[in-house]
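S.K.: One-letter residues, chain by chain:
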Amino acid sequence: MLTEIYQIVSDNWLLLLIGQYPNGPLGGMAATMLLSLLGIALAFPLGVLIALARLSPFAALRSSATALIYVMRGIPLLMVIFWVYFLVPLLIGRSVPGFVTMLCTLVIYEGAFLSEVVRAGIQALPAGQIDAARALGHSHLSAMRYVILPQALFNVLPSIVSQFVSTIQETTLGYVINVPELTFAASQINNRLLTKPFEVFLILAIIYFCVCWSLTQLANWLERRVAARRAGPQATVSPAARGPSATRLGDVAREVGK
Amino acid sequence: MIKFSHVNKWYGDYPALVDINAEVARGEVVVVCGPSGSGKSTLIRTVNRLEEIQSGELMFDGQNVHAKMKGAQLNHLRSRIGFVFQSFNLFPHLSVLENVTLSPIRINGVDRGTARDKAMTLLERVGLSSKAGAYPGQLSGGQQQRVAIARALAMEPPAMLFDEPTSALDPEMVGEVLAVMRGLANDGMTMMCVTHEMGFAREVADRVWFMDAGSILEAAKPAEFFSNPSHPRAQRFLSDLRSH
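Line by line, the protein sequences are chains A and B. For what it's worth, the working numbering labels the leading residue of the first sequence as 11, then goes sequentially. For what it's worth, the working numbering labels the leading residue of the second sequence as 1001, then goes sequentially.
Please keep in mind that the hints were generated in silico from the structure rather than gathered at the bench. Each hint can be trusted.
Computed footprint of chain B on chain A, listed as stretches where at least three residues anywhere in the stretch have a Cβ under 8 Å from a Cβ of chain B:
#: 1; region: 130-139
#: 2; region: 150-162
Every beta carbon over 10 Å from chain A, so not counted as near; a handful from chain B, in silico:
#: 3; residue: G1012
#: 4; residue: P1229
#: 5; residue: S1243
With beta-carbon atoms standing in for the labels, derived distance ranges:
#: 6; chain 1: A; residue 1: F68; chain 2: B; residue 2: D1111; range: 30 to 36 Å
#: 7; chain 1: A; residue 1: L167; chain 2: B; residue 2: N1186; range: 43 to 49 Å
#: 8; chain 1: A; residue 1: A70; chain 2: B; residue 2: S1167; range: 37 to 43 Å
Here a beta-carbon is modelled for each residue, glycine too, at the ideal position from N, C-alpha and C.
From just these sequences and the hints, can you work out the full model?
M.R.: See the structure below:
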């Protein structure tokens, strides 16, 4: 079986990596990563905006942000894909490539989820921070921009990486609307070989696992860094300057951060 | 400068402030003392409207603090009232210098160079110019509180409020913060301080307000208050302090 897997990979590695590019659209792993990266990169600013709306002093903003989040949390991603797939061409009057459909879907869906991550980060900061900013005369937005968000976004970095891992897994659903990504490439190979589904989809699973596992390790590493920073910058200055209490505090913060 | 007239505040059914009538004159130093839960912190937080009041009137430098006003107006008013917190509340992601320069630059539109020079002068004044590049987490509590005072002074407020500025400090650091406050008082700053430091009250305050259960029971000169308090609750409070 190992030789067969090796054979499949050596025959099809280019297809798995970049799809039919340059003779066709970019696909394979490259498309999966591009879709996930663009998805999370565009969803992030959207998520920050939704989070700010959800914590805004204006009730209208608050309730529309809350509604959006509840809708997105309450329906499966596949439904959102179908909605965008069938509705967007009707609205703009022409067909949209599958890649763009999937990207739009991911941005909306992940934006809603990321906004909850960002909101948690904002609300986890001590109330004294906003008090201090307001007492100095900062407006709500100015306090958010210069005092609250820089701290909150740094603290939620690990969660954002975790959300990126979820996004990579969600891109597989692009398969149902023929987005040429990694799962699509594997299924093309399977259709061609016909008799080796176990080997093909094992290869697919291994690739996803390696990528997602490495990113999860990155998130864990970031989480330790963030916890150390939260315990006090002295921990990052020099190991020699760290007293025993600082070390213990760092451990506590790590435990809490888990 | 700061004038309370019939100020009342409730948390639900619980009366937090009861018919407060008092005044801090320009250049005066008032120390607010009393047992915990007596409303001292609530009182001081109503002055820059971190807490709302339900009735009465609170004037700051001729302006009605709790009148209906635009957000920008309230922000401007707050920028003119220095506030120092018990828990320092420095911004941990910014260096000491950036903590002090952030608000003058972002709120008052002061240019970076001027803000920096001003900040260095203020840090010099609180004895921390050598720590300008440090981060709050690298400083002791007393140093953090002195930076917090410099940060508040950077907005050039005509009055400063202190909400138990030394209560979160180790005993050996209380002195350095009180020394900075004493310096401010000597320079003629209008100050309202909630504190348990009776030595500071005796020495620096022009008047002492004694609070219990949301009311100001006694407002007197410190010499008078400490030697001959008129209200029985104040007498008990002081004798409890002395017995320690």
